[in-house]
Amino acid sequence: MNTLLTPLSVLIAVPLIGFLFTLLAKDDDTTGGRNVFSVTILTLVSNLFLLWRIALNLDTDKRGLQLLETYNWLPYPKIDLVFGIDMFSLLLIAAIHISLIIGLAGIRRRDQAKKSLYALSLLFLAMINGLFISADIYSFYIFFEAMLLPLFLLIGIFGDIKRQVIVSRFFIYNFLGAVFLFIATAVLYNHEGHSISLSAVSRLDLSPKLELCVWGAIFISFLSRIPIWPFHYWISSINSAVRSPLVFNIVNLIPLTGVYGFIRYCPEAAPDNVSYYFYILEIIAIISMLFIALIGLINKDVQYKIFSFMTVYYIMYMLGALLPIDKILINIGFSLFAFIIITSTLEMLTAYLEDEQDDKSIGAHGILCRVPKLSFIYSFLVLAAVGMPVSSMFLNNFVILSHLFSYNIRLGILIMLALLLVAGALIQELYVFKDNSNITEDTVCIMDISAKMFSWLIFLSGLLIVTFINPLWFIGG
Amino acid sequence: MKAYYISMLPEISLVLGCLIMMLTAHFRRTATPKTYFTITKIVIFLSMILSIIFYNQSFFPAYIKNTPYTTASKVLMDIFALVSLYLGCKWFLNKNRSSLSFCLSATLSVLLLSLSISAQNLLVMFGCLNIAFLLNLLFIRLYPAEEESAPIIKRYIIGFILMNIFCISGLYLMHANGISFDFAAAKKAYAQITNPSFKEYLSVVLIIIAIFYMLGIAPFHFWFANVQSVSILPVSMYLSFIPPVAYLSILINVLYNVFYPLYDTLHLFVTGCAVLSVLLGAVGANGENNLKKMFSYVTLYNLGAVLLCIADFNAKGIFTGFVCLIVYLLALFGIYTVFYSFKRKGEYLTEISSLSGMSNIIPYASASFLIFLVSLLGTPPMLGFLGKLSIINYLIVQGSYVFISLLLMATLLMAYAFLNIIKTIYFDASEGGFDRVDKGVYICLTINLLLVIISILNPSYLLHDAEPLLTTVL
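Protein chains in written order, with the working numbering: chain Y, 1 to 477; chain V, 478 to 951.
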């Protein structure tokens with residue numbers, strides 16, 4: 001099959017068309033960025049609709065990628081790009097779309113509403129969609145690296161990062177990770193003489209030395225996307241410095257690509273030769289988790305707290321993905337769906353609070369006291385984030401943790417400790433925001449969110465609750 | 478082989494073009510830059526068409542022989558010459574200066590390089606190449622800043638003499654060893670040598686050094702960056718595309734059709750120079766603030782990468798080298814086209830720092846520049862990825878893992894240099910306006926971008942029939 005207009009290709013094509021429309025859209029003072037905003041929202045909603053249609057065609061009981069499409073791309077070396085999707089990928093793609101819509105809602109009131117921001121976001125979306133529907137090693141690598149450029153430009157132009165050198169280093173370091181994946185991909189391709197499906201990589205019969213080198217490269221490339229020691233610095237410096245909610249939500253997706261890579265490359269188990277070294281990775285992961293969770297608890301910056309929360313959870317998902325069973329992968333998918341929506345919304349509200357604080361020149365203490373709508377939503381999201389039974393994170397994280405406990409009880413305890421620390425950090429911040437001990441009649445307060453925004457956030461909260469009741473609600477499963 | 482005198486028409490048309498230009502300069506006092514460009518455009522285009530028509534017919538088969546391979550090289554060279562001249566004309570129109578010397582030198586240079594590409598005799602080949610190389614002096618002396626160019630011209634002449642010493646010594650040693658200058662005879666003679674002596678080896682190395690020098694391969698590259706820094710933009714563009722395409726084609730021809738029997742001993746030397754070029758190119762690009770000079774190092778890096786494939790002396794290597802070359806030429810051509818939009822108050826900008834905030838003022842040119850830069854890095858989904866993929870895949874097949882590491886390390890260094898440009902264009906605040914970009918520049922950019930997009934979506938269009946065509950050199 002060699003066609004461009006199949007559902008999965010359209011998932012990539014729609015954001016690209018949106019990207020072109022955004023570039024061509026009239027955007028001056030009279031329009032106030034409404035045209036590009038509408039094009040972007042329309043693109044995202046169209047893709048969500050398409051995703052729903054795809055979901056209806058998916059067989060939830062079937063394992064492996066479905067709706068496979070092959071595109072004969074290069075004659076020499078012979079490379080065919082293969083796309084496929086399963087419920088896991090679909091959930092992540094849907095979560096990313098919702099996350100971007102949340103980010104867009106967050107920047108509407110800022111001056112940043114420039115068309116290049118929307119255009120680059122759509123370009124990034126096309127690339128990340130491509131990554132999540134890749135079914136073979138070459139298409140996976142192509143999208144893994146291709147997303148770096150829009151990401152770099154988004155962070156550099158709209159991230160409000162004072163030290164530009166951080167942005168360059170961030171790119172170089174992610175580029176290096178992609179280079180490792182490229183080497184591994186090219187070596188595997190030449191070893192087999194043809195492109196390989198992602199699920200087959202861990203079953204390849206390689207010599208012990210080659211196996212170690214190839215998997216070493218694959219692991220380094222995926223780890224380079226996750227804020228884990230020694231790769232944590234550049235991601236953390238970017239994440240804690242970015243002030244735009246849309247850019248933050250996009251940057252928040254970088255570790256997801258790393259975790260997803262682990263899940264796709266070793267769905268059941270990595271080769272024995274490689275599994276032997278897993279304990280080193282586990283130790284590093286645990287130390288990173290505890291370290292970042294502790295900093296999150298101590299740090300006064302709420303954005304850093306969200307970053308530490310995000311990091312600890314991503315590492316937990318990674319450790320879950322590396323367990324020698326594939327039963328919990330769908331649990332990771334369900335959990336990630338809610339996790340992405342929760343962190344994106346929290347970040348959007350945090351950015352709103354920070355803007356209001358700057359405008360009114362007030363501190364964070366009791367900031368939520370006289371804004372009931374915002375207070376309600378913020379509290380709900382924090383409770384959902386710390387693991388209360390209000391989203392699909394609750395049950396699914398329970399399953400993931402129980403498997404981690406049964407695999408290694410000490411590992412499970414330490415992960416639990418890190419989760420408690422980040423939960424503590426978020427609740428501590430919520431307490432500060434709701435602490436009314438110093439609030440008097442004369443205290444200057446921030447403005448509550450608009451009714452429109454409140455309705456949108458209520459809808460999102462409802463969506464989270466529905467995912468708790470039935471994660472596959474959208475197909476009636 | 479039968480001589481077809483009619484097949485001289487491509488060369489005759491170029492000679493006629495030169496004569497017409499001189500006559501025009503003599504009789505027509507109101508000639509504008511466009512007049513000479515029109516003449517050049519017509520004769521080069523005619524020469525290209527005639528080369529295609531007589532693609533396998535030769536007028537002096539013993540000395541000059543056309544094959545599909547030589548014709549493909551000439552066509553590639555002619556296409557780049559035509560577009561370079563078209564853009565160059567904008568510079569002369571903008572500055573209101575005569576383009577006679579530029580157009581005349583370019584036409585002559587194309588003529589000489591065409592002859593060298595088809596040459597079947599080392600003496601004929603080096604004769605044409607030497608004159609063409611000397612012609613570069615005319616280019617360099619076109620409206621440069623006097624104080625800057627004088628020492629560079631002096632060094633260029635010294636380099637030219639040195640290169641000739643290498644070349645003549647090599648040819649002399651070859652002759653002394655009793656080896657003919659004719660390609661086929663020389664190859665036959667080398668094939669009979671089972672264990673080459675030092676003198677025989679030295680003669681070959683000296684000849685290759687002469688070609689490397691002209692091509693600007695490390696460690697004989699120093700002249701190229703200096704010349705680029707003082708040349709005017711049309712000259713820089715011309716020197717970055719037309720001679721390298723010709724020299725590379727000649728190098729492949731000579732390596733495969735003359736020195737092939739000495740493959741084992743030459744391999745190390747060619748590979749060493751290639752690796753050095755890749756590394757020096759990447760390091761050099763990081764140390765430059767002058768855009769033209771910086772991209773001359775990028776050229777060095779890419780030529781090194783192409784040479785790394787060619788050095789293995791096999792059909793797959795040539796094909797891989799060709800893919801890398803085409804991808805690199807397309808990207809670099811886009812870069813040079815964008816240079817024509819870097820204009821402030823009539824002056825063309827060459828410093829990276831002068832591009833601050835360009836993306837807000839001329840967004841289309843900035844975006845194109847970004848696409849070509851990323852393409853040069855080999856990042857997917859840009860066209861450059863095809864080149865990176867081909868070369869890495871080829872090196873893996875050859876088991877050259879050390880070269881892969883070096884190449885990728887150099888790419889990282891290059892990425893750092895490019896990031897500085899991207900940062901200046903996109904992240905820095907604007908420090909001044911830019912002049913309106915010429916429509917012709919936009920047309921060239923759009924065509925180049927379309928080529929890039931089509932080639933990404935379906936690389937077969939770009940590489941269609943390339944492999945069988947290239948193997949005709951073997």
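Calculated directly from the structure, the hints in this document are not laboratory data. Be careful, since some hints might not be right.
[Said to hold, decoys possible] With the Cβ distance kept under 7 Å, some of the chain V side facing chain Y (calculated, not the full set):
id : residue
1  : 858
2  : 892
3  : 896
[To be verified] Just so you have them, the derived chain Y footprint on chain V, three or more residues with Cβ under 8 Å:
id : segment
4  : 801-808
5  : 860-867
6  : 877-890
If you're wondering where the values come from, they're calculated on a predicted model, not measured in any experiment. Ideal Cβ positions, reconstructed from N, Cα and C, are used throughout, including at glycine.
Evaluated hints:
1. 858: With a minimum Cβ separation of about 5 Å from chain Y (threshold 7 Å), the hint on residue 858(V) holds.
2. 892: Result: holds, 6 Å to nearest chain Y Cβ.
3. 896: holds, 5 Å
4. 801-808: Coverage by chain Y is violated for the segment 801-808 of chain V (0 residues, Cβ < 8 Å).
5. 860-867: holds (count 5)
6. 877-890: Satisfied; 4 residues make the cut.
Consistency with the previously given hints fails for number 4 only.
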